[in-house]
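Enquirer: What the sequence shown shows, in the working numbering, is residues 1 to 226, in sequence order.
In case anyone wonders, no lab produced these hints; they're calculated from the structure. Hints may contain errors.
[To be verified] Under the rule of at most 30 Å between Cα atoms (straight-line distance), these lysine-lysine pairs were calculated in the DSSO-like manner:
| hint | residue 1 | residue 2 |
| --- | --- | --- |
| 1 | Lys-218 | Lys-79 |
| 2 | Lys-164 | Lys-16 |
| 3 | Lys-149 | Lys-27 |
| 4 | Lys-92 | Lys-34 |
| 5 | Lys-175 | Lys-149 |
| 6 | Lys-86 | Lys-174 |
| 7 | Lys-17 | Lys-182 |
| 8 | Lys-149 | Lys-92 |
| 9 | Lys-146 | Lys-169 |
| 10 | Lys-6 | Lys-103 |
| 11 | Lys-44 | Lys-32 |
| 12 | Lys-169 | Lys-206 |
| 13 | Lys-27 | Lys-7 |
| 14 | Lys-167 | Lys-109 |
| 15 | Lys-182 | Lys-164 |
| 16 | Lys-16 | Lys-44 |
| 17 | Lys-7 | Lys-125 |
| 18 | Lys-16 | Lys-92 |
| 19 | Lys-16 | Lys-146 |
| 20 | Lys-4 | Lys-206 |
| 21 | Lys-146 | Lys-34 |
| 22 | Lys-167 | Lys-177 |
| 23 | Lys-125 | Lys-86 |
| 24 | Lys-6 | Lys-34 |
| 25 | Lys-169 | Lys-86 |
| 26 | Lys-17 | Lys-7 |
| 27 | Lys-206 | Lys-86 |
| 28 | Lys-218 | Lys-174 |
| 29 | Lys-219 | Lys-86 |
| 30 | Lys-4 | Lys-32 |
| 31 | Lys-16 | Lys-219 |
| 32 | Lys-7 | Lys-34 |
| 33 | Lys-44 | Lys-10 |
| 34 | Lys-109 | Lys-27 |
| 35 | Lys-174 | Lys-219 |
| 36 | Lys-32 | Lys-125 |
| 37 | Lys-156 | Lys-221 |
[To be verified] Distance windows between CB atoms, simulated:
| hint | residue 1 | residue 2 | range |
| --- | --- | --- | --- |
| 38 | Leu-102 | Pro-200 | 36 to 42 Å |
| 39 | Gly-43 | Pro-200 | 19 to 25 Å |
| 40 | Lys-79 | Leu-173 | 35 to 41 Å |
As the structure is a prediction and not an experimental result, all values here were calculated from the model. Ideal Cβ placement from N, Cα and C applies to all residues, glycine included.
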Amino acid sequence: MNIKFKKLNKTIINCKKCRRLSDFIKKISTEKRKQNIDEIYWGKPVTGFGDVNARLLILGLAPAAHGGTRTGRAFTGDKSSDFLFKCLYKTKISNQPYSINLKDGLKLKSTYITNILKCVPPGDKPTTVELNNCSEYFNSEVTNLKNLKTIVTLGKVAFDNCMKFYKIKYNFLKKFKFVHGKNFILPNNIQLLSCYHPSPRNVNTKLISERMMIELFKKAKKISAI
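Just need the whole structure built from these sequences, with the hints factored in.
Expert: Structure, rendered in structure tokens:
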């Protein structure tokens, strides 16, 4: 990992800008979940991870309470990650079909994964102030990904906040509507691909299927030339 990302990630991990989120992380990490009662939770903001020379960025909303907040890595150790990484493996973006902990040997091919918000919010509902506080970190990640060609947003909230970022940073005033599988052109010729979130609810209700997500990541690979 290069020096810029090391410095950024250290800042993210030590961030305590949002008292509500810091308190909630502490509560989760102390009370824990029954099946994880004997584990030591990460209990801090969760950074992005992957290839810092990535051409593809996968963007979610926030770490899961007992996923990333427990394991210390985004989209790791929960049902959403189980589904996501099965699809990433089948499209040869990841070297294995699972993401369970920091030492599981996971590697990503020209791909970086992060969240808009680095801390889990109560009820998965961040405030505008919390999102604004965290936006500078996402700004730094995008800025430091010098080879970026494509962004896949997982879920409408991630999509909306990605658009908000480009509106503020580049005065980008085009309005795009969230539609699964549709791609849009952003400033610097970066393409945005909108995707339903791989949550258990969306999978169980068949809003998104394995086939749909695999097709979307095949498309992202082609656009990104990876």
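Enquirer: None of the hints should be skipped; say for each whether it holds.
Expert: Quick rundown of the hints versus the structure:
| no. | hint | result |
| --- | --- | --- |
| 1 | Lys-218 with Lys-79 | 22 Å, holds |
| 2 | Lys-164 with Lys-16 | 23 Å, holds |
| 3 | Lys-149 with Lys-27 | 38 Å, violated |
| 4 | Lys-92 with Lys-34 | 34 Å, violated |
| 5 | Lys-175 with Lys-149 | 20 Å, holds |
| 6 | Lys-86 with Lys-174 | 34 Å, violated |
| 7 | Lys-17 with Lys-182 | 35 Å, violated |
| 8 | Lys-149 with Lys-92 | 18 Å, holds |
| 9 | Lys-146 with Lys-169 | 16 Å, holds |
| 10 | Lys-6 with Lys-103 | 18 Å, holds |
| 11 | Lys-44 with Lys-32 | 14 Å, holds |
| 12 | Lys-169 with Lys-206 | 36 Å, violated |
| 13 | Lys-27 with Lys-7 | 27 Å, holds |
| 14 | Lys-167 with Lys-109 | 29 Å, holds |
| 15 | Lys-182 with Lys-164 | 18 Å, holds |
| 16 | Lys-16 with Lys-44 | 9 Å, holds |
| 17 | Lys-7 with Lys-125 | 28 Å, holds |
| 18 | Lys-16 with Lys-92 | 37 Å, violated |
| 19 | Lys-16 with Lys-146 | 28 Å, holds |
| 20 | Lys-4 with Lys-206 | 40 Å, violated |
| 21 | Lys-146 with Lys-34 | 42 Å, violated |
| 22 | Lys-167 with Lys-177 | 14 Å, holds |
| 23 | Lys-125 with Lys-86 | 27 Å, holds |
| 24 | Lys-6 with Lys-34 | 34 Å, violated |
| 25 | Lys-169 with Lys-86 | 34 Å, violated |
| 26 | Lys-17 with Lys-7 | 17 Å, holds |
| 27 | Lys-206 with Lys-86 | 16 Å, holds |
| 28 | Lys-218 with Lys-174 | 26 Å, holds |
| 29 | Lys-219 with Lys-86 | 17 Å, holds |
| 30 | Lys-4 with Lys-32 | 33 Å, violated |
| 31 | Lys-16 with Lys-219 | 38 Å, violated |
| 32 | Lys-7 with Lys-34 | 35 Å, violated |
| 33 | Lys-44 with Lys-10 | 11 Å, holds |
| 34 | Lys-109 with Lys-27 | 35 Å, violated |
| 35 | Lys-174 with Lys-219 | 23 Å, holds |
| 36 | Lys-32 with Lys-125 | 20 Å, holds |
| 37 | Lys-156 with Lys-221 | 21 Å, holds |
| 38 | Leu-102 with Pro-200: 36 to 42 Å | 23 Å, violated |
| 39 | Gly-43 with Pro-200: 19 to 25 Å | 24 Å, holds |
| 40 | Lys-79 with Leu-173: 35 to 41 Å | 37 Å, holds |
Violated hints, in rising order: 3, 4, 6, 7, 12, 18, 20, 21, 24, 25, 30, 31, 32, 34, 38; the structure is consistent with all others.
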